[in-house]
Structure formats: structure tokens, C-alpha cells
Amino acid sequence: GAVVSQHPSRVICKSGTSVKIECRSLDFQATTMFWYRQFPKQSLMLMATSNEGSKATYEQGVEKDKFLINHASLTLSTLTVTSAHPEDSSFYICSAQTDGNYGYTFGSGTRLTVV
Amino acid sequence: AQSVTQLGSHVSVSEGALVLLRCNYSSSVPPYLFWYVQYPNQGLQLLLKYTSAATLVKGINGFEAEFKKSETSFHLTKPSAHMSDAAEYFCAVSDGAGNQFYFGTGTSLTVIP
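Residue numbers (the numbering used here), protein chains in the order written: chain R, 1 to 115; chain Y, 1001 to 1113.
If we strip away everything but chain R, and leave its shape as in the complex, we get (with noise of 0.2 angstroms):
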């Protein structure tokens, strides 16, 4: 089946310092994708919606200059964290529509700690 592969699983960082995180489509191309954000023990958020291509479009709340995102090509969206922040720490969690019939495959989420 589809499969959407995120990497880093896990990052730790100094505050100050960018963070990205990848999202590839492996086997299909994925012309739109999404990008997640969980808190513990609470719900997903979705923070934007990446376009292959075009700039991606961000929820209301979400800093596009500090979640800086590039959908390059239709297998890879990269999500960059810049000047991340202790209060950035979070899993982020990226998506992508692989089939017509409203299928959706999740990456297995990447695990951001800045200290």
C-alpha cells in the first residue's frame, strides 16, 4: 500500500537553532500534503496544507515565517521549524491523500525537543 516515510523520527535541538523534517511519498505523488501538529495528550492540528509547486496555505495561528514549508516535488515536502523554541517541542505528523476515495496516509510523525 502507499506509504508516506517522515524523518526524522526524533530531533533534539538548541533553542535558536531550525529544524526540517522531511515527508516523502514513496510510491505515489502527492500533490498536496499536510502538516500536523500534536501536543501531549491532546488532538492533531493541522497547521497547513502544502501544494506541490505553490506556496502552502496555513491555518489561522500558524507563523509561516517561523513553519517555513516546500512542497519541491511530488514525493517530498520538508517542514522547517526556524529559530525553534522550548515551546515548539511537539510531534509533528505529515499527511497525503493517496487514493480518490478520501484515502489518507500519515507518516509516522517526527518528535521535536528544542532545549
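Bear in mind the hints are in silico, worked out from the structure with no lab data behind them. Some hints could be false.
[Claimed, not checked] With a Cα cut of at most 20 angstroms, we get these calculated EDC-like pairs of lysine to aspartate or glutamate:
| # | chain 1 | residue 1 | chain 2 | residue 2 |
| --- | --- | --- | --- | --- |
| 1 | R | LYS41 | Y | ASP1085 |
| 2 | R | LYS14 | R | ASP65 |
| 3 | R | LYS20 | R | ASP88 |
| 4 | Y | LYS1069 | Y | ASP1095 |
| 5 | R | LYS41 | Y | ASP1095 |
| 6 | R | LYS20 | R | ASP65 |
Please read all numbers here as calculations on a predicted model, not as lab measurements.
Since the structure of chain R is already known, use the hints to place chain Y on it.
Chain Y alone, transformed into the frame defined by chain R:
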């Protein structure tokens, strides 16, 4: 606008007992409804989805859910709980147009041996 409400953030059942996880939705258009399971530190795995076909949807691992428009519900059930079912379960709704999901707050299922 779409939203879902999951009643009960924590549910405990005995092994072999019925599992019932509740989900109510709000949607101004015919909804597409989903149940996902999440194991610790992992992504989400689709259990089942309703996309306006049969109202009783069967998913993986013995789970099923019934779409009840009159009750705006999409409760998840499994006749007999297994220890491996212990996880976090999320109900989600989509309008099918914007391809966006709106997730419920999740229900943590504990299975007692």
C-alpha cells in the same frame, strides 16, 4: 464548518468485552468520517472511513462504525477487546472538498486483562 466531538477522553474495558468509542460530528455538508488509531510515538493508522456509501463500515482489526445521520454520530465498536487494541483513537471529519481533516480530541483506550 466541520467538527467532531469524542465523548470520553479515557475508556477502559476488560479483555474480551465490547469496545464502544463515541464520536459525534457537526457538518454543514454531507460529511466524510474517519477513525484512526495511534500507538505511542507513532503516526496514525486508518481504521475505517465513511464516504457516503454503506452506513455500516467495517475496518481493520475487527472494528466497525455506523454512520447515523439522525444522531450525527459515527461511533466505533469492536465486539471483543484485545490487549493489542490499547491505543489512542481519533475520529475525524472532512467535507471532501478541501481535503482537510478536523480531528476530535481523541479517546485513550485501556484494555484490562
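Exercise for review: Compare the distance between the alpha carbons of LYS41 (chain R) and ASP1085 (chain Y) with 20 angstroms, and conclude whether the hinted pair is satisfied.
Suggested key: Roughly 18 angstroms separates the two Cα atoms, so the pair holds.
Check your understanding: Under the criterion that the straight-line Cα-Cα distance not exceed 20 angstroms, is the pair LYS41 (chain R), ASP1095 (chain Y) satisfied?
Key -> violated (26 angstroms)
Check your understanding: For the pair supplied as a hint, LYS14 (chain R) and ASP65 (chain R), is the alpha-carbon distance within the 20 angstroms limit?
Key -> holds (19 angstroms)
Practice item. Quickly compare the C-alpha distance for LYS20 (chain R) and ASP88 (chain R) to 20 angstroms and report which way the hint goes. Key: holds (13 angstroms)
Review point. Is it true that the CA of LYS20 (chain R) sits at most 20 angstroms from the CA of ASP65 (chain R)?
Key: holds (14 angstroms)
Check your understanding: Is LYS1069 (chain Y) close enough to ASP1095 (chain Y), meaning Cα to Cα at most 20 angstroms?
Key -> holds (15 angstroms)
The structure fails hint 5 only (numbered hints given earlier).
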